[in-house]
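Student: Sequences listed follow chains L and X, in order.
223 is the number that the numbering used here gives the last residue of the first sequence; the numbers go up by one with no jumps.
1191 is the number that the numbering used here gives the last residue of the second sequence; the numbers go up by one with no jumps.
Hints were generated in silico from the structure; no laboratory data involved.
Distance condition first, Cα-Cα at most 25 Å in a straight line; then the derived SDA-like pairs of lysine to any residue: (1) X/K1091 to L/S215; (2) L/K121 to X/R118; (3) X/K697 to X/L465; (4) L/K74 to X/N1045; (5) L/K213 to X/N1082; (6) X/K1084 to L/S215; (7) X/K1084 to L/C221; (8) L/K204 to X/D1081; (9) L/K74 to X/R118; (10) X/K242 to X/G416; (11) X/K78 to L/V147; (12) L/K213 to X/R1068; (13) L/K112 to X/R118; (14) X/K1041 to X/A517; (15) X/K78 to X/R118; (16) X/K1044 to L/F128; (17) L/K208 to X/R845; (18) L/K74 to X/S1043; (19) L/K213 to X/E1112; (20) L/K74 to X/G1069; (21) X/K78 to L/P102; (22) X/K113 to L/F128; (23) X/K541 to X/A201; (24) L/K38 to L/F128; (25) L/K149 to X/I79.
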Amino acid sequence: MSDVFPRWTNRLPGQIIFGLLLIGGVVTAGLTYFFTPKYTRVGYQPTQPVPFSHSIHVQQLGLDCRYCHDGVEKSWYSNVPAADTCMNCHSAVRANDPKLEPVRASYQDQNKPVEWVQIHKLPDYVYFNHSVHVNRGVSCVECHGRVDKMDEVRHEKNFSMTFCLDCHRELSPKNGDPNKRLRPLDKITNLAYDRWGDTDNRDKDFVKEWHIKTSENCSACHR
Amino acid sequence: MNDNTSPSNGQNSGPRYWRSLEHKADSPEFRAFVENEFPSGVDLIDDPVSRRNFMKIMSASFALAGLGVSGCRRPEHKILPFSRMPENYVHGTPQYYATAMPTRGAAVPLVVKSYDGRPIKVEGNAEYPDSNGGTDQYAQASVLSLYDPDRGLNFKLAEKNDKGEKSLKVIAKAKVLEQLDGLANGKTHVLMEQSSSPSRARLVAGLKAKGVNFYEYEPIDFSVHEEAADIAFGPGVRPYYKLDEAKAILSLDCDFLGTEESAFQHIRGFAEGRRVKDDHKENPADSMNRLYSVEGLLTLTGTNADHRLRIPTGSVVRVAALALAEALDGIGLDGAEDGISQLRAFAAELNKDFSNSHAVEGDAKADTAKWVRQCVADLIRFKERGDKTLVVAGYRQPREVHLAAMAMNALLGNVGSTLLLQKANPSGNGTIADLVLRFNDGDTLVVLGGDPAYNAPADIEWAKLVGRAGRVIRQGYYIDQTATDADAYIPAAHYLESWGDARTSDGTLVPVQPLIAPLFGGMTELEVLARVGGTESDPYKVVRKTFEGIAGSGDTRWEKFLHDGFLAGSASGVESREYDWDAASAAWDAGAKPVKLPGKNDYEVTFYRDHSMDDGRWCNNGWLLETPNPVTRIAWDNVLVVSYQTARELLGEEAAKEALDFEKLDKKSGGLPGRFGFHSDAGRFYQKVYKLEVGGKTVEGPIWLLPGMADNVVGVALGYGRERGRVGGAAGFNAYRARTSSEAHFAGGAKLTEKPSTTYEVACTQEQGVMDGRPVIREGNANDFNGHKDFVKHFDLDSIHHTTHIPKKGARYKWEKDRTDLASSPYKHNFGGESNGPKLMDPDRQQWGMVIDLGTCVGCDACVVACQSENNIPIVGKHQVAIGREMSWIRIDRYFSGDEHNPQVNYQGVGCQHCEDAPCESVCPVNATVHDEEGLNLMAYNRCVGTRYCSNNCPYKVRRFNYYDYNRRPFGVEDGKRKPGTFFNDDNELNNSPLHPGNKSSNGEWELVRWYKDPSRGSVPGLDDGKKENGEFDPEWDLVKLSKNPDVSVRMRGVMEKCTYCVQRIQRGKIEQKVEARDTDNVKVPDGKIKTACEQVCPADAIAFGDISDKESEVYRLNRQNRNYSLLGFLDTRPRTTYLAKLRNPNVNMPDYYDIPNSTSEYITKNHGEIFGVNANAKKAEELQGKESSH
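Bound-form chain X, shown alone (with noise of 0.2 Å):
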């Protein structure tokens, strides 16, 4: 049955994952684009300094040079030793310190490392119980927030000029602090973000006792869990999800993996329930964990789901409903026949397959009633068989759905086991809403942190608020609107500057020591408010008080609570507790409502926090800008997201047949007009202008085409359109203008009206490095897996059948005795034995490699930011993103496949495989990229001189150029002032080289004259050049500076660079390690000494790095398991990083049930293979039966 022809001609090879419509549609821009190593323009150097003038000037430079000969002197460098040696300090060796990243109600456990003083990559702290010291994406790229060059440098008053206008100016910090005197009495309002700080609580306690008003306000707010469990379970509780023990788990909107609350524990949770720890021994179908997820838009959490229901937003709380309703009926409850009509009564409208207005009528999968009701019996079949269970509601879904959920956990009987009520203290602090109640004309406004001018929701009409304050008083991290309208002006401190303390989810006491004094004197709200109640205002004592009235007192307490980062023990308490059927069912009939169906320009709009941006808090931090959406791939703006059948709509049908119809675009010539997707420059996205209308206020924004929306919905992250700053400034819309605060996660009603002739370039790296039409994610069904164990060995040209274009037995080197196939392993060299064949493998050194599970690799895009930090990845701005030059060192690949409406997604992180036998160094021309003896492929920038041949011959395209000197990019300023967004759209900067004849941030002067007068100061521009602003302390880029590894070198214009395995870790290690042999031959790095950045971040411990050659390793035991694979086998470059397959866990009674994933059923029908007994004929003959029985 075996047909040996090769597969890899023609599109039709491989399976059809697709990256985009784009891609699916396979139109002949993608074509173009897709041959092209680059996207165009990439070459097009649009430096003013042409070819001809760069030599004019060289020659003139040469015949200066040799007027100016005493240049060449040597020029004379300093050492300035201490004039006392700080105790335990080596020059030159990081230090570590642990602390803790505060988050709305909890905190993130950190190990921070320490360079001479400047704190410069933040770990988790892996000795902190709950943790394996993975952290999330914010909390990687908080470092870079300390050295933001545009945050508040200088405490301010406003003054009135002669027109009355109000402006801030600088004033000396004594001065501005004299603002907070005399203000502890009932006219001062406090507006604060959301703590879980026990030394504000404490602080706030006592200004309470003096009359003093204080509210929170946050505009993602998660405290709807709490709300929640307070009414089921009694007051004073709150709910604490335990993920890893949960063998199902149903998700009512929540996105536990991307965009809840410290979804970093929740990730690791839920990757320790799915882990195949051996697949020799166990069996996947018993071992992993299932998920099911409902949501309106496309998360992180729904395309990691074995079964998605996508359903708007608003209709979730049918769903929950109607689960209730099933579960209620299947494990029994006395007395509950009346709710269960009632709830069925509730859900009715489910059974009329509302959520999928796409699907064919009598379509078995668009059942959604039978969804809901096959997975709650799933649920109880779990229960049954005593395994625990979860239900979880997301913070956009109303209480009632939480209650829903909380419900069915206590049916469930997860109450005590996956769902733990922990003890909680309410903060007792009024919201932005009783602000306004309460505030009298003339009080005094104090706003701590956040930025409610900007984030407010639209009702409230802050800048009203304002106008009726006597005073606002403002500490906060950037000049933002809130400062801008404020009388007084206090910078406020990084959480690495100064001290704090914070519990974390689960209440443990944690605390936040500060790495360095505050860079310009800021303040943290503890020392505001501790100031304002005229007490103890040093941090330190502050934090220390309320430490020993926890833990009591004492020195070396304090000192282990330090060194620990946490404070064991200190857990909150869980409670026991019955849930309260009466209550909870009282609050349903109270709060219930049956939502609006969305419909044809009647839409649904969801707004939802973003991976980047959070709620706005990091606007001006380049590193998260630049770190593409997971599910999107768009870095630098939002959109307004749309599923595929309401862009059909959206278009009109006539318009969306020439455009949106596949099978007609497969044979047409035509490829997806600019309406959607493709410009006609290949590879950058011209998105048509939507106006978003929703309750009579209205938002713009470029229109996306995400599958796997729910129909009907608009999907709109929030976080964006700052205005202010100058790397975020200019990024995406602001969608807080259309959010009132009674449907602040979701609204009906809305309209889109297209813009006409507008349209906005998206920056989207998902057409990018595109691995075209080969099996590159492998996956298979746990429930299939015992029979077919060695499914991954039976893809593409490196099956077993397929490998007749390899010799076989030895014929390709002299020394590969015993290879037989590829597939088997990528790795049967002769370690040891003779060795005639290339050096590359010394049997005596340590071999490196690594392996990626992506069965539990989620997709959240923290590695990416960790690698930037560690390895000074330069952040290149919107433009050259959206020409293709982004220079992250490792990407995550998003993979759709299957159906249009709605698609199973994977992920996959490349970074350089470190092939063995690697096609870029074969064509390097000045041996700039060459291996090592222990397996890496090296880089060395020194010899590079950027032709670009590697990349050019990279299959798997992981080599990045330095197109310019990203890293000497200044932060714009135009006539003086600071210029918001440059690191948007404007490349201007860039070309800032010596030889350039400057422009306005220079004010003018030849880039080589400046770089005379002082060449090292780079290219900075001009507020140094005496027009400093206000005479303010401006020290520019040498901040950013600041942020640099000092282990790993900073790349020039010109070089190539890509991952090294993090090379400067693995010369630590093994420094480290023959540093401690001295004179004995005890010089083997263990196991887990060596962790690359990528790898310690993962919260799901989907990487290991190690030692293939040593048969402990944890990668040796990983690279011998059934599921794993080289990405790309049959080219025989032998990668030294190795995939797991992934495996899904479906429900057979599901209506949705696939008996091979997607992806693994087209690669069968469209590639003549044979995987799980399903061969190519048999699967196209099921194929048309279906066809016709569905006619």
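Isolated chain L, as found in the complex (with noise of 0.2 Å):
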């Protein structure tokens, strides 16, 4: 009877748990590297149809962002500027080049809009309103990351629920310095503003000043 089952066998049942352990735990460990929005998201960088510079216009122009997204300071939503805000400037500048030709085409032909792709996308569930932060202190900075410096724009934070509540955890004192994530309304825009670095600014307490009160509830972004 001893010879039915030779004797690796004893082994068997050791390996097997072992091995499963060790598939489930590459899995486990692969599902949470892969398939969070820390690696499906960040770095995302499309190619876009106008190989247009955040680095080249902010920098070097110095231009404000909400010279284009106008609708950020009023609206849900931070719109992508439409030609004719374009055009404003480069019907003059750089008037013919043919990078800017979807741009121009657009702007002749109300039918072609410039077919621009989308990196920051959340979940349509998710109610997020540009027009409630930007008004109140918190900067395009903490979530957009240094648009400012890019020269194509890549997806730089993970836009995770966890990203959303951690902000909206701080400023419970418990949770470290309230203040950190807010500078004064001038200042918003700026993306290289360091607030420490702002004597004025710095000891002032906003939360209080401006009586601060964010949600970590559903309702603050599920309706």
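Relying on the hints, combine the two individually framed chains into one complex.
Tutor: Laid out in structure tokens, this is it:
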């Protein structure tokens, strides 16, 4: 009878368990790494129809974000500019640059919008509002990173639910410095702004002064 | 005297509000039904995809998933900005435009919200002087009709096939419009609906000069008001009622709160006169108005009346005669003696108690003549006190009743105060009868709007008229019967699509401003008329020219007109006229005829305008169809409504004893048989079908017992039975077939015969969500109020005497220091104090709450439709409603109390109560429903896994579950053709999940295959699959999608939903305030800035919403009224929604005076309570005495 199962089979259960654990571990690790927004979103940098450089427009020319994204203070949505906004300058500057052809075509023909590729996207059950953030001391840079340094825009932060909540939770003094993410309103679009270098504002308690109250509840984003 | 035994034991606790006869009878079926969380069958998923099948398909698709790796790639989304930015446009912010919805003789001034060019929500124009921003249910639902996929999409011309049969074929617009050329002559007859548009009047006048003949037809016509005023006060005036200033109102079959023209304005006026603003200061007995109602049907007005006399509709003229005689007698008028005796002789029958055939002989309460006498005496008393009163007659009543009502107003001194006589310009157009007379064979018939083929009186014989016509040109919204018979079809534009103008009920000029270009190139009647006349046919220019003729030219004037939505000061002038007794009495003598009293199997039929369909014009509007009738609570159908006594007689005495004898049923285990109410399948109504025969015409319909109807009267709603349209095509039966032009509103000599062994299922929401045996509505009499201001605190377990089960003095939570009893206030929280309790009440945040005033709510259902529009609530269809799956977030409960012949009725709007200690939250296994710091009970759809525990644990039954993907429900198509009435009884379409094997509408293709081919298409049915009907443009339900509010998630199958207090509006209000505040601390949203959809639409202002922690706010003030109570307060759920108790204002001298309202009286008897100084023992003794004396 002893020959029916060879001796090595005695170790089989252990090996199977170990193997399953290993596979399980690898799968879990793989999922956590590859299937979270950190991997799937951060770094997304599609090719745009017009190779627009934020870096040139902001760093060299000194344009404010709101020159083009003019809806950001009024709406939940921060708009991509219409072709006529571009043409304000580009009808004179680089008026014949072939790279700008889609913009000129759109400007001529209403039915030919420039097909920009969307980078930052939230699920449709999330109701994020730009205006309430930028009007209350939260800068663009908190979510979009240093767009002013990018030649081509890439997805900088992971935009997971925790990402939103981390910030919303920080207002409770238990969780660190509640003022860390806030800045004076005239510095909102200054992406390079350093609160600790700004001696006038460094010690101000905006949370208290402006009566800032964030919500960690479902209703803040889901309706 | 206080008996502290728990009154919650057994069925007798709480006042006996009964929501239906079945409930009152308390049959075992009913009990079984109530005890079930959902009616039986609710759990029955009839999806043909079984679990086993599901597993098979799923495993196959997992295997396939490995092959389609490319599908895992992030899909690329494009952002398409404008080429040139429209001025003042900010993407993502809604835009609002002032416009108006034209009605028959008036208009509803509106402000319409538009998102990205799509009109999505209609609100009343609060800037309009005679408005609080409220509207009616029709205006709310009108936006859905804009996106109706069944509307006429194409211009068409008729073609004859080989057999000579006509059928409409799609033809280019320009070609069809050629038909309109050369029509400006005497051989053209134009039939239109009524309209108040001055532009139309101008164009019509121009065409009349060229000989064109014009006629108007409205199946439900309100012009009798104006006709009577022209006789009584001389030509050129029409009455305008100011209900807010009337201290007492007598309605002679005038349903001004429900089915009269501009009812929402009357509701507002009535509520203003009735509202008890502050019961700490004022005495309701002095400040409230009083309403007397005389009617045959049970209408909203009757159910809201303090005294109601039920009498056959045709006999109201006798009441009018007697009332006028009493008024003449009481006030005195020279030379009226003869008239008085004539009127009395006319009304003599009234003394015979004929309206109350069930009444015990000698019952003083049934003395009709005394009722009228005392009512008029009361009106005269008000007059002598210097107060204004008002007598109104309804559109169903003949001219004579209106004359009598106006005479009484003249006697009571109301002309010029509550009854204004406004200048009117009669249109001078002919009637539909004139059309038949003047029409010569071979003439051209142009039909603009309406649907005469469906709703013309039976004696007009429309089909014959069409046969005589040389050519029929039809402009209409649907391809209805009139269109099918026509030679040319022009699709009509919706009022939100094209320019127009109108005058409101007081004559103020309002613009009908479009918010979107005509979706399918449709045309308004203005365009058609202008085109016929060969004048400028751009509707904008037509309207502007009219405006300039009225108000003068200039861009500023015009722009202000469009901005404000009305032209200030353009209301019709008020005329000061004397009542012309000679002319009126001559008209009375000529017209007043005693109508034969109805009797057994000699019934009187009363036709009425429907709360959902109007006259049939909203026939395909799912929101309205699914909103139950406020009185019968029936959705999707019309029924033959009869009184309790008539039902008994129909059944026959023997059978009735078994079926309808409540005394017996209480003891017997039988329950009500299926004859009039319950089938054994609890909660579902299988009604007997009866044949109604009147004047040789017959219609068939299900019978429905409605307590409070006049005996021997059969009520029938018009507007159903269209047989067209995929939403409402199969709803109800067409009552127009039994209606003639001479007896348009009521007709005697009707017979009811049972159709053997036929039943019809009726979807009634009445038995659902019952709060069994609790004092859910609390009410008292105004004249008792001052002595018992705290009466609402004496009910049930939350009464001061009954709070022993709740520990006093802060024992329940540590942080509740000052809590002594529940009744005093559910809100005694420690705002801002030491808080080691739940963080529920953050003192730094605003705390939302709502107060609903039951004293002013009339139950009109406008809030239900507004909520559906605002919150993307799906239409579920008749069958789903019948099995208890309706989705309305706010429902209106209707309760009867008292006797089954003439009960008192109460209405109560119930949405999520936002309990601070919410039972739903504690049972959710996945935390999908939680509280926020502002007191909202939230629902996170993405977390919900559909256990339905929350709904099970909700004492208010306000949670709604998505049993299917209702929002993706496709409109029915069978074999490539539209299938009428798919939303009605056919749930096949609901099963169209991607795993569905496909049905007729998908041409047999598997849904998964269809989905793979085009994922964004959803389950659009087969018309797109190459089977296009005549090559028509068929956008299908993408169109319906356009009506959705982008601020609210569209819920999917398997999640729970419920009222959110319009959280999207709260967030918008808060965000707007914060954006305004910027770097200041001014973040508190001012009171009144955030309005929920139900609050905003409420014409009665019965709903208040705001911050209950703000001492300046309206809700704070209302929360501290004496009448404030919480629904089921003894459960200690601490609802954020509270109610103000209802007060009734009866007259002591009336024969049917009640010293306490029926429900309260029942509560005292059954519950050992003591309210208004009356306790149970005294009450019982009194009742016993009463019984003895009556024998």
